[in-house]
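Student: Let the sequences and hints guide you as you build the complete structure.
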Amino acid sequence: MGMVRLIACEKVFFFNQDDFSNSEIFLERIQQGDALIICAEEMNDGSYWVKWVYHEKHGRLEPDRTVGFTRKLGIQYLVSLLLMMLIPAVYYCFINADDSFLMIILVAILGLAAFGGIVLFGLALAETKYILSPKRKRILKALDLVIDGQYQKSEQEQKINIPGIKTSKAKARKLRQSVDNYRDKASLLTTRGKVNITSTLSLTVARGDTEQKLNHVGLQINKSHMDVLVSANEPLFNNHNLFIAQGDELEVFHKNIQAHSKDQVIFGIYNHQDGLAYSLIGKGAPQERGFYFGLWGFICLLLMFFVFMAGGLSISETLEKGGYWDYWDWVNIVDTGVLFISFAVTILFGISFLIALCVAIYFKLSQRGSGYYQAQYILKHLRRNNGQTDYVTEVRS
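In the UniProt record's numbering, the protein residues as written are 1 to 397.
Calculated directly from the structure, the hints in this document are not laboratory data.
Quick reminder that beta carbons are idealized off the backbone N, C-alpha and C, glycines included.
Where hints are given, some of them may not hold.
Unchecked claim - Here are the simulated DSS-like pairs of lysine-lysine, each with C-alpha atoms no more than 25 angstroms apart in a straight line:
1) Lys166 / Lys51
2) Lys135 / Lys72
3) Lys11 / Lys166
4) Lys137 / Lys51
5) Lys262 / Lys364
6) Lys57 / Lys11
7) Lys57 / Lys141
8) Lys153 / Lys51
9) Lys141 / Lys51
10) Lys72 / Lys137
Stated by the list, open to error - Ranges of calculated distance between the beta carbons of each label pair, as one might list FRET restraints:
11) Ala206 / Ala35: 44 to 54 angstroms
12) Asn386 / Ser316: 54 to 64 angstroms
13) Ser21 / Lys135: 16 to 26 angstroms
14) Leu106 / Gly74: 27 to 37 angstroms
15) Thr66 / Asp148: 18 to 28 angstroms
16) Leu357 / Leu140: 28 to 38 angstroms
17) Gln246 / Lys11: 32 to 42 angstroms
Tutor: Here you go:
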């Protein structure tokens, strides 16, 4: 079982079959033209992720109602708290212990264990938040009211009004006009036509101690054969995986980047069936938006770490002097902390600028990078021409 696409009211909806226990039976029952009531959340590219689906005669797809606190979650909380209790020991060893090789190894091991505890605790909190989420309860309440027939249809907006349930507004989207058609200057080849999916394979690639799950899809468009290899993992940043259905009209942007080879590398796909665009780069190379999100997120985490470290060292120094707090102690804390943080910020921003510069040079000079960059530009142009935002979904591979 995989991902399913529904197109209704000129909107595109997705869901994973595994998210609903009776999805196969429900999909067999519904037919084209059936009236469905769909509860969904809007994603970055303007499509929607389904929370539940209701049909008056054929039943419904609903989320698991049995979600609750389990023994496994309790054990996860206990283990994470035990590991987090190592934080004072790590701090004490870091400040007071001798600078011996064994002590450095011990502090590193204890620090990793404590960090693992923090991660486990964060995951447990996220699951607890989902269990107690008012949003989840509202979604289920809305479904129950629809089942009872307590809703009013709005024919003009193709929406329903449910008493006591506030409908979220559509995201404000900035539409830009497409001015320059970069397509004529691009070095990418274009193949457009109805797709025939010739093969689908699920692969597991071992890299050291880690395994990566990949999906391999064979495509045939106008007698041209191409392959797409993408990650099977759940995407980040409120996106969805690459979706192609049999018979979809695709526009594929590709290029041969290796000498003495006929293999075409796909850099972009525009699906005229649903108006969604996907960019690919392959070989584990960084994608532009995802890379910069990761880079700045990592920099922010490091800055938080340095802030806590500066605060901890300043407080520890004051406590060693007797623990009496006066005006000059606070001045010393602020002075030392600001100096340390300013120094750290300068170094971090310098390193991040150099990394970003190297990635920009890669996109400009390498064949794979330039092909990806050209595909991004063309896909944005196509979406703008169709009255959509210029958001292009980056597909990990």
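Student: None of the hints should be skipped; say for each whether it holds.
Tutor: Here is how each hint holds up against the structure:
no.	hint	in the structure
1	Lys166 / Lys51	16 angstroms, holds
2	Lys135 / Lys72	24 angstroms, holds
3	Lys11 / Lys166	20 angstroms, holds
4	Lys137 / Lys51	12 angstroms, holds
5	Lys262 / Lys364	24 angstroms, holds
6	Lys57 / Lys11	23 angstroms, holds
7	Lys57 / Lys141	20 angstroms, holds
8	Lys153 / Lys51	19 angstroms, holds
9	Lys141 / Lys51	12 angstroms, holds
10	Lys72 / Lys137	22 angstroms, holds
11	Ala206 / Ala35: 44 to 54 angstroms	48 angstroms, holds
12	Asn386 / Ser316: 54 to 64 angstroms	60 angstroms, holds
13	Ser21 / Lys135: 16 to 26 angstroms	21 angstroms, holds
14	Leu106 / Gly74: 27 to 37 angstroms	30 angstroms, holds
15	Thr66 / Asp148: 18 to 28 angstroms	21 angstroms, holds
16	Leu357 / Leu140: 28 to 38 angstroms	49 angstroms, violated
17	Gln246 / Lys11: 32 to 42 angstroms	21 angstroms, violated
In this structure, the hints that do not hold are numbers 16 and 17, in rising order.
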